[in-house]
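Chain order of the listed sequences is A and B. Per this note's numbering, residue 1 is the first one in the first sequence, and the count goes up by one each step. Per this note's numbering, residue 1 is the first one in the second sequence, and the count goes up by one each step.
Among the clues, some could well be false.
[Said to hold, decoys possible] To list a few chain A residues with every Cβ distance to chain B over 10 Å, as calculated:
id, residue
1, Q14
2, S18
3, N22
4, E55
5, K59
6, K63
7, K68
8, K69
9, H74
10, A77
11, D82
12, S95
[To be verified] Calculated lysine-lysine pairs in the DSS-like style (CA-CA distance at most 25 Å, straight line):
id, chain 1, residue 1, chain 2, residue 2
13, A, K79, A, K69
14, B, K30, A, K42
15, B, K13, A, K42
16, A, K79, A, K57
Hints were generated in silico from the structure; no laboratory data involved. Glycine is no exception: its CB is placed at the ideal position from the N, C-alpha and C atoms.
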Amino acid sequence: EDQVTQSPEALRLQEGESSSLNCSYTVSGLRGLFWYRQDPGKGPEFLFTLYSAGEEKEKERLKATLTKKESFLHITAPKPEDSATYLCAVQAGGSYIPTFGRGTSLIVHP
Amino acid sequence: DAGVTQSPTHLIKTRGQHVTLRCSPISGHKSVSWYQQVLGQGPQFIFQYYEKEERGRGNFPDRFSARQFPNYSSELNVNALLLGDSALYLCASGPGGQETQYFGPGTRLLVL
């Protein structure tokens, strides 16, 4: 059974204080790993898709990396508007269905 | 381009009633998936449709059903509502079902 564990559950940062969110996974043949951002009461907003170990993608202050067992979402010099829940999902080879983690709730204080 | 749209945005029902939620995918997307998200948890997969055929079903009771129309829009139906069905229901669309999915804003369902 595919499993996705995100840590920490919650993270509080000061504006400008860089940090990383972790997504560890167990899947039979990774087809893709997805990062989403979700604001309260809204649908998840797509951030990145990673396909193979060693791959990295960047968008503004966010950088996602992937190894064979985990992915990191690095947040550089965060701003209060980066406050949200960040969701990780994995899709196994041959499956059409992503499995989501429970998310990391990030709060960035000004 | 318009994103995924869902209707209604909010809904209040009582136990035992039936509800229909609607979703329109991004133009050109042929795959639609439905998820249930309760507070503090990640989305839980309910159904996926591709080219009007069911391609996946999550661990939900038969009270939940869905369908996809020729224009690729979709409906999620839930019968005999329970208090535990209160959640944010999310629709996501994708080009072909095996790629990145893009989510709509969700429908907030409250069952009293």
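Outcome of the hint check:
Listed as a non-interface residue, Q14/A keeps its Cβ farther than 10 Å from every Cβ of chain B; the least gap is roughly 25 Å. Separation of S18/A from chain B is adequate, the least Cβ-Cβ distance of about 25 Å exceeding the 10 Å criterion. The Cβ of N22/A lies farther than 10 Å from every Cβ of chain B, with a closest approach of about 15 Å, so its non-interface assignment holds. Its beta-carbon lying about 14 Å from the closest one in chain B, E55/A satisfies the requirement of being farther than 10 Å from that chain.
With a closest Cβ-Cβ approach of about 14 Å to chain B, K59/A is found to remain outside the 10 Å limit, as its non-interface label requires. Distance to chain B confirms K63/A as a non-interface residue, since its nearest Cβ pair spans about 18 Å, more than 10 Å. Annotated as non-interface, K68/A keeps its C-beta farther than 10 Å from every C-beta of chain B; the closest such distance is 21 Å. Look at K69/A: its CB is around 19 Å from the nearest CB on chain B, clear of 10 Å, so calling it non-interface holds up.
With a minimum CB-CB distance of about 20 Å to chain B, H74/A clears the 10 Å threshold, and the non-interface call stands. For A77/A, the condition that its CB be more than 10 Å from all CB atoms of chain B holds, with the nearest at approximately 27 Å. The Cβ of D82/A sits about 19 Å from the closest Cβ of chain B, beyond the 10 Å cut-off, so the non-interface label holds. For S95/A, the condition that its CB be more than 10 Å from all CB atoms of chain B is violated, with the nearest at approximately 8 Å.
Taken as a hint, the K79/A and K69/A pair is broken in the structure, with Cα atoms around 29 Å apart against an allowance of 25 Å. Straight-line distance between C-alpha atoms of K30/B and K42/A comes to about 23 Å, which keeps the hinted pair within the 25 Å bound. Proximity of K13/B to K42/A is assessed by CA-CA distance (about 20 Å); at most 25 Å being required, the pair is judged to hold. A threshold of 25 Å between alpha carbons decides the hint, and for K79/A with K57/A the separation of about 20 Å falls inside it, so the pair holds.
Hints 12 and 13, counting from the list given before, are not met by this structure.
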